[in-house]
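Chains as they are written, first to last, in my numbering: chain G, 1 to 187; chain R, 188 to 572.
Honestly, the hints are just simulated from the structure, not real lab data.
Hints are supplied without guarantee of correctness; some may be wrong.
[Stated by the list, open to error] Restraint-style ranges between C-beta atoms, simulated for each label pair: (1) S159/G with P224/R: 23 to 31 Å; (2) S159/G with L253/R: 33 to 41 Å; (3) N85/G with D191/R: 48 to 56 Å; (4) D456/R with G13/G: 50 to 58 Å; (5) N565/R with A2/G: 43 to 51 Å; (6) T82/G with P378/R: 38 to 46 Å; (7) L425/R with E32/G: 56 to 64 Å; (8) P378/R with E32/G: 16 to 24 Å; (9) G13/G with G424/R: 43 to 51 Å.
[What the hints assert, rightly or not] Which bits of chain G does chain R cover? Going by a derived footprint, with three or more residues having C-beta under 8 Å, they are: (10) 26-37; (11) 61-72.
For glycine and all other residues, C-beta sits at the position ideal for the given N, C-alpha and C.
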Amino acid sequence: MAVTEIRITGFGGQGVILSGYIIGKAASIFNEQHATLTQSFGPEARGSACSAQVIVSDDRVLYPYVTKADILVAMSKDGYMTHKNNLAKDGIVVYEKDLVPVEEHGAGVKNYGIPATRFAEELGRKIVLNIVMVGFLGAVSGLLPEKALRKAVETSVPSGTEELNLQAFDKGYQYGKQLVETAEVTA
Amino acid sequence: MKADPQNVLVGAHYLDGNHACGEGGIAAGCKFFAGYPITPSTEIAERVSRRFPLIGGVFVQMEDELASMNAILGASWGGKKSMTCTSGPGFSLMMENFGLGLMLETPCVLVNVQRGGPSTGLPTLPGQADMMQARWGSHGDYEVIALAPDSPQESFELTIHAFNLSEKYRMPVLIMTDECVGHMTEKVVIPPPEEIELVERKYSDVPPGEAWPYMEFDGEVSPMLPVGEGHKFHITGLTHDIRGYPVINSEAQHLNTRHLIDKVKKHADDIIWLEEKDIDGADVVVMAYGISSRVMQPAIAKAKKEGIKVGQIKMVTVWPFPEKRVKELAEKVKAMIMVEMNWGQVYLEMERCIAGKCEAHLIGHGGGTVHNPEDIYNTIKEAVK
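The following block holds chain G by itself, in its conformation from the complex:
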């Protein structure tokens, strides 16, 4: 039984919950797996700490929260600092390169950074940084097929913004793919 625990963290307004929603939807609706998304938020919304948890599993998810994150997606420094010590031994950290200063986590843990906000700005809308992150995560983790993730992006974003969001996804995915390939060559 394969179970992957994912924690996505950032501040309210960055699209933390939507990125969790897309990953969960990709797994459970478009990849015949089970995926449970939970979210924690304070009474505040925009600007405060925000975190989403997704458990992706081949069987029904019984315990809905992350115990040790296999994947930590960090879009803010605060979020990273709060959750960095709760990683699985062979976990991966997927982070916003310009916003989050990551540390070395010991032998098993891999760090993958992307300037997602900058890429999103280049595409014309900073708001799609979360979708850049989803694409990036898809490529570096191999958690879900690209097709399932793309379909989940397409069916989850506001209508009229599909094209922009898919561009954002592709940007993140391509960057991730190259990063992994380069790492494999140098290794």
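Let chain G serve as the given structure and place chain R on it in line with the hints.
Here is chain R on its own, set in the frame of chain G:
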């Protein structure tokens, strides 16, 4: 009767428990929703308010929870299936008119997405500490029906079931979900309308002028009188006779309250819904409802792996309490364990029914998060020692 195709959003969706609950109500034919927003239940109202304009439903954001509960009672008497949702403090405010609904024998559905309490408590975090309030929160003597979903899929299905029970037994029915399930997003499969069985309201066929709003106070369900079809009738929250007129004496009180109690007690076997597993030969039986019945699974699996004979009961209905079943099992097992996100509420009923025949254990905490499966496992181990 089958669900109306225009109300059913057929297909596989990725929904949270609250949205799924709203869809369940809509699929059940609910056409009137009155509510007042409160975390963590608001998404139910949001869902319904967006969907109702497309299917001819009426959504009213009321001035408060007292009015919300009253509005759904009025709408139900007006001929519509109706529902409301709330949490914590709002549930307290709905209690008086929930009692009115029981007294008038009014079908409707009240969803409580439980958070931590008392008072304002933990608005954004889960609890299961309103279970005794659900049972006894309104004044007077009565029985209630309460269901507890453990997932978005069940939130959808049990909301339909709640509407069916409310029509069948002509009373308000409670869905006691919680913040974890309400804000948990998972795949929800909504079946085609022909696979959704609905209980339709029974109306009296006695002609106007000869009919009363109740038939007998014998614990059986009377058909309702339709409005707008010539019947002139009276209903009241005062103790009443079958004509619906106040009768203020102890004989009438006896008949009226016995009827409300017997309506549920006489049909308890039909209402109670338990999902049991591995009970035969079990040394210890773990009981739970809602999200706790889900979180207990890894603990039970671990205990079984170690050879412990552990059975489980998931209470889909919490009220009426499965007295008969617990009494039977208490004679056979070494211990029974209740897992709930409070400091011991439904546990008290389990302990009462066990009556010293086996050990009774509570795995409770104050809420704010679900149980750690390890705590459940440790108690199971302790119980079989």
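Hints, verified against the model:
Taking 23 to 31 Å as the suggested C-beta distance range, the pair S159/G and P224/R conforms, at roughly 26 Å. Distance hint check for S159/G and L253/R: the Cβ-Cβ separation is about 39 Å, which falls inside the suggested range of 33 to 41 Å. Range check, N85/G to D191/R: about 53 Å between beta-carbon atoms, so the 48 to 56 Å window is met. Distance hint check: the CB atoms of D456/R and G13/G are about 52 Å apart, consistent with the given range 50 to 58 Å.
Checked against the hint of 43 to 51 Å, the C-beta distance between N565/R and A2/G comes to roughly 27 Å, which is inconsistent with it. Distance hint for T82/G and P378/R: a CB-CB separation of about 41 Å, consistent with the stated range 38 to 46 Å. For L425/R and E32/G, the Cβ-Cβ distance of about 58 Å falls inside the hinted range of 56 to 64 Å, so the restraint holds. Roughly 18 Å separates the CB atoms of P378/R and E32/G, a value that falls within the hinted 16 to 24 Å.
Under the hint 43 to 51 Å, the C-beta atoms of G13/G and G424/R, about 48 Å apart, fit the expected range. Against chain R, the segment 26-37 of chain G contributes 6 residues with a C-beta closer than 8 Å to a partner C-beta. That satisfies the three-residue criterion, and the hint holds. Counting residues of the segment 61-72 of chain G whose CB falls under 8 Å from any CB of chain R gives 5; the rule of at least 3 is met.
When each numbered hint is compared with the structure, a violation occurs for hint 5 only.
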